[in-house]
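Asks: Chains as they are written, first to last, in the numbering used here: chain A, 161 to 460; chain B, 161 to 460.
Keep in mind the hints are simulated off the structure, nothing from the lab. Not one of these hints is a red herring.
Identical chains blur together in the list; that is why a pair holds if it fits in one copy or across any two.
Calculated pairs, DSS-like style, for lysine-lysine (alpha carbon to alpha carbon, straight line, at most 27 Å):
hint	residue 1	residue 2
1	Lys418	Lys357
2	Lys418	Lys267
3	Lys284	Lys357
4	Lys358	Lys289
5	Lys267	Lys329
6	Lys418	Lys329
7	Lys329	Lys316
Number of protein chains: 2
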Amino acid sequence: LRDLTFDRILNQDTRTKTITYLCTLSSSAAILIAEKTAFSPDSSTLLTHPLTPPNILHHGSNDIYHWFLASHSAGLCPDKDPRGADLRFTLIHPATETHIRKYSAQKWRAVVETPEVYDKYVKKYVEEKRGSGRLNWVYNILDGKAERDRVICEDKDEEWGWVVLPDSKWDRTTLSALYTLCLVLRRDISSLRDLRKKHVPWLRRLQSSISAGICAAYPGLEEDQLRLYVHYHPSYYHLHIHAVSLEHDAGAGQYAGKALLLGNVISQLETMAGDDEAGFQNVDLAFTVGEESELWQRIF
Amino acid sequence: LRDLTFDRILNQDTRTKTITYLCTLSSSAAILIAEKTAFSPDSSTLLTHPLTPPNILHHGSNDIYHWFLASHSAGLCPDKDPRGADLRFTLIHPATETHIRKYSAQKWRAVVETPEVYDKYVKKYVEEKRGSGRLNWVYNILDGKAERDRVICEDKDEEWGWVVLPDSKWDRTTLSALYTLCLVLRRDISSLRDLRKKHVPWLRRLQSSISAGICAAYPGLEEDQLRLYVHYHPSYYHLHIHAVSLEHDAGAGQYAGKALLLGNVISQLETMAGDDEAGFQNVDLAFTVGEESELWQRIF
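Extracted from the complex, chain A is given alone in its bound form:
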């Protein structure tokens, strides 16, 4: 290993903490893949073990959230060179029962929501989630009362319009991690379930104008480098499209069982049996829910 000379980086993955190098060893090519190890179950000794990071740097706080970097190496101090850090810590204190539930592992279940189950149980759950001011944060954005400074691009037409904002997880700079949210201006579509064959022209225009708008705002990004998808179930019931760089691994939110590509939603509607009112209300939808979720506990 120590005789390797490094030529160049072939690949890296900041999500899985791996990096791959092209190297030379004994006059022939070699590939070195380095990967940080996962924590072992007895990491409860993380901060008390002789291995305890000698250097801990507190680098920010916001309300109950506190962030730290730490380094095991006595010779390297994170506040001199943060790149020398081995570990990140996030501390949430004080933590409520809601926080504990949110951060606990939960088991997952594969369910099939038939049109009958949707009509009988899910529809009123969705209406509840749309009522009592719960979507006010969305309407404030659509009405231009909030987050105006964050808008990336938009179309203000009442029927065809939409607004694109950066997702809070994106640093708004790294193009390969572009992660945006598109809210439609019309207020009559709660989710995939409300999409019908008659919406196909509207969806096609949405798809092409969002892509064009984002790429105009970020030259260097091409339209076929974006993944446009919806969630079912979504986390709030006002139709929104996620537009994310294909280079970006956004985790479970992009999995089959949660995400549906907008292009495939459109083509499924186009080839569906029935008239203009036929749509996703007629289809069995298979997806994944967590056992801690309201959907599982109240309905499935």
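Based on these hints, arrange chain B on the given structure of chain A.
Replies: What follows is chain B alone, placed relative to chain A:
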């Protein structure tokens, strides 16, 4: 941080190298999330820097593959306690041009394959990939000539039958990481593109019998804890279903744009316009391809 007392582990993710603890601090609950840092771009100094891991353990080789564990801490030696390792290394030497291509980052593209593009270009690509003995490894398994000892469960009916084997990535023990492959016995279906409305009864029986078979082989696993999906495009053109534990993060192979849930494939066929011969040959399919792939370079 040092005043925290640890109560229990709430969650951990060996893929992203994070662990979440419930703790107590100043008599109230706190949540600590620890995460290994990603490699910084100048990690080409990985093995020559003063930070160079003093302890490197070679723990296996197979042909051109060599594996190592390493620890930065002078006090902890991986060959005494492998759990003390900070880094894993995989060395491939000598590496060929094919290896270098495989391990290099590639850009991704979102494409739409229309029925016309499928008929005109993709069909003959698929036929090429099914010919010249390329599927012999599959037929050897179906004929019982290979991997008999690895079969988890099967149905030997010529038309309705299938065989389930563990995926090579699975240790065949950890239920939460269950990762299996189901090959259908019939040889006339190359991929999703060949599925028609008339196949719905066959697909429904496939879905229920695979789930039942796997859960009978692994008591403790329930049928709704499995994700059953197909890939488009698949890595070989003989229809196969992936059956994976919902607890298992299998990465990009489970993303929308690659994976389609079997339940949704069935329901899309059921609600599709047309007669029994209508099917996925009639649909625009949106998915992701890598710029290094044959599909991109030869067709898209």
